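Please model the entire structure based on the sequences and the hints provided.
Protein chains: 2
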Amino acid sequence: MARIAVTDGMAKDAVALLEKSGHEVQLGFIEPEDLLAGALKEFDAIIVRSATKLPREVLANSGTRLKVIGRAGVGVDNIDIVAAAELNIPVVNAPRASTQSVIELTIGHLLGSLRHIPRADRGMREGKWEKKAMKGTELFGKDLGLIGFGRIAQGVGSIAKQLGMKVHTYDPYLPAKVARAQNTVLHKNVDTLFQNCTHISIHCNFSEETHHLVNAERLNLMPGKSRDGIPCGNHIVNCARGGIIDEDALLSALQSGQLASAALDVFEQEPVPPEYQLVQHPHFHGTPHIGAATLEAQARVGKDIGLAVMAVLGGKRAETTVNSHLLK
Amino acid sequence: MARIAVTDGMAKDAVALLEKSGHEVQLGFIEPEDLLAGALKEFDAIIVRSATKLPREVLANSGTRLKVIGRAGVGVDNIDIVAAAELNIPVVNAPRASTQSVIELTIGHLLGSLRHIPRADRGMREGKWEKKAMKGTELFGKDLGLIGFGRIAQGVGSIAKQLGMKVHTYDPYLPAKVARAQNTVLHKNVDTLFQNCTHISIHCNFSEETHHLVNAERLNLMPGKSRDGIPCGNHIVNCARGGIIDEDALLSALQSGQLASAALDVFEQEPVPPEYQLVQHPHFHGTPHIGAATLEAQARVGKDIGLAVMAVLGGKRAETTVNSHLLK
Chain A
1 MARIAVTDGM AKDAVALLEK SGHEVQLGFI EPEDLLAGAL KEFDAIIVRS
51 ATKLPREVLA NSGTRLKVIG RAGVGVDNID IVAAAELNIP VVNAPRASTQ
101 SVIELTIGHL LGSLRHIPRA DRGMREGKWE KKAMKGTELF GKDLGLIGFG
151 RIAQGVGSIA KQLGMKVHTY DPYLPAKVAR AQNTVLHKNV DTLFQNCTHI
201 SIHCNFSEET HHLVNAERLN LMPGKSRDGI PCGNHIVNCA RGGIIDEDAL
251 LSALQSGQLA SAALDVFEQE PVPPEYQLVQ HPHFHGTPHI GAATLEAQAR
301 VGKDIGLAVM AVLGGKRAET TVNSHLLK
Chain B
1 MARIAVTDGM AKDAVALLEK SGHEVQLGFI EPEDLLAGAL KEFDAIIVRS
51 ATKLPREVLA NSGTRLKVIG RAGVGVDNID IVAAAELNIP VVNAPRASTQ
101 SVIELTIGHL LGSLRHIPRA DRGMREGKWE KKAMKGTELF GKDLGLIGFG
151 RIAQGVGSIA KQLGMKVHTY DPYLPAKVAR AQNTVLHKNV DTLFQNCTHI
201 SIHCNFSEET HHLVNAERLN LMPGKSRDGI PCGNHIVNCA RGGIIDEDAL
251 LSALQSGQLA SAALDVFEQE PVPPEYQLVQ HPHFHGTPHI GAATLEAQAR
301 VGKDIGLAVM AVLGGKRAET TVNSHLLK
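Protein chains in written order, with this note's numbering: chain A, 1 to 328; chain B, 1 to 328.
Derived by calculation from the structure, the hints in this document are not laboratory data.
Source: prediction; values computed, not measured.
No copy labels: a pair is met if it fits in one copy or bridges any two.
Cut-off 16 Å, straight-line C-alpha distance, at most; resulting in silico cross-link-like pairs (EDC-like, lysine to aspartate or glutamate):
{"no.": "1", "residue 1": "Lys-132", "residue 2": "Glu-270"}
{"no.": "2", "residue 1": "Lys-12", "residue 2": "Glu-24"}
{"no.": "3", "residue 1": "Lys-67", "residue 2": "Asp-44"}
{"no.": "4", "residue 1": "Lys-53", "residue 2": "Asp-8"}
Next up, the structure:
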């Protein structure tokens, strides 16, 4: 039976699942200096979220017992997956656990922007009844551009279609037939997506390629009017990763009116810097990176990563191994 | 050609439609004392929203020229439709124009509550990064109760099903087959709907029968946990009419924790009284009766009411005549 370090917390049911399977679970954060000093030598597996960092130096000093690294979530920016592969350690994650939660937050942010929900609520708390200032627009009949068309974007697209939107997609990594099967307008160039969409939602990974993909030039391409002539303005939502949007350009576009609204769950710097101007703009609203912060997603992520880690410990290859292409 | 008074404003395109059809439109509010003094004697038709009141005394003093009253919207609380019928004046409204807008606001309020969007945004504006305090729950897998199952509720229900919710309905005025055709659980008693639903949205008219239909006893019936055991809490949304919810009971339920959230677009008193305690509760958020306040709904309502008024002026009966059962 294996010893498993769980360093960034885990849902109780998931810990119970590991223990019922006969494994020994050690819960608790391990300080970076202890990791560097070889604290992982005593473990067969480690399960982290984002707080624990596993760079090359830590992995190099973890002995030969460590057989698998689990990331309870999606992004593996905090783990050197190349160094892990060189040591023949699979890194597994749990990409499906938060899908529904992020889909719902995205739709919530879109509607919150279009109908001024956070701004109207602020007004009410200040004793105002600003009915006329809160005139909004419908999602129905508008063009929604999805940048990246993986699981989350596909879910957002299906709700958007139910709401009467026309869905556009841009995803150079997905077979074109996926976008076509979902009846979306597939763009080969992200610029034409900006030209055709008054509403854009980001659903791609952060990488060098997507860094500042949403910039001043592209924001300026957005049409401001729907196909049927409604001056609905332009709207941006990002519940994916910070850094994909150039936030200086975003603020300028809000100030000039080129953007009617922006709603972000993720930011270039998290937590956002003190007195950050973007966050104070009246047509901005934000949430502190809570896309996966639901009871359901956290229960699912614990179970999914527990099963993946146990699969590897049992000598199998987990379906969600993120460095499988690098393993020998 | 007819003279038409438009007293509470109207979209330009709709005014143009009336004028192109050869009618003379007089735009501008008419003071209550002028209405009482017989200002309507010079008009064949009047089109109002909610600001202009047409009680029995005004109608009794409007001579014999007035042939139709148009309400650019749904509710006719401001018009004495019985007195109008006695004078053989049809009252027509435009009930479909705002359907999509109210559906979208309802979904926006639901998701805003579940994911703490207005509260999280307030925190960010205060320079906080309250990721842990903003843990939410998904709509997926939960039971949504719709009180009233007309056009708007049916639209909300179809989005909710797309989001993975189970939909319950209560509507004593609708043929049961409508609820069944939409694959919802139809309740004959509103109490069993409260017992089975963690999420409830109001979509009925205001009447003596529905006054304080949502009261302390019924709020206490709500289960707090979803069918699969998630402690998601109880949630109420009202984008229909004020007065259906007992707001004192609502505030008490928020204070006790029996309700995890409440989101209202309509209130017992509008505008809400100064320093209204409900509006300040951290798990409340509100909008100032903006269900129909979209560019699209206002364009549609002007066109719909213009066509209905012109139908009556042309000697036809409009489909949306609200006092047809009272007319001779």
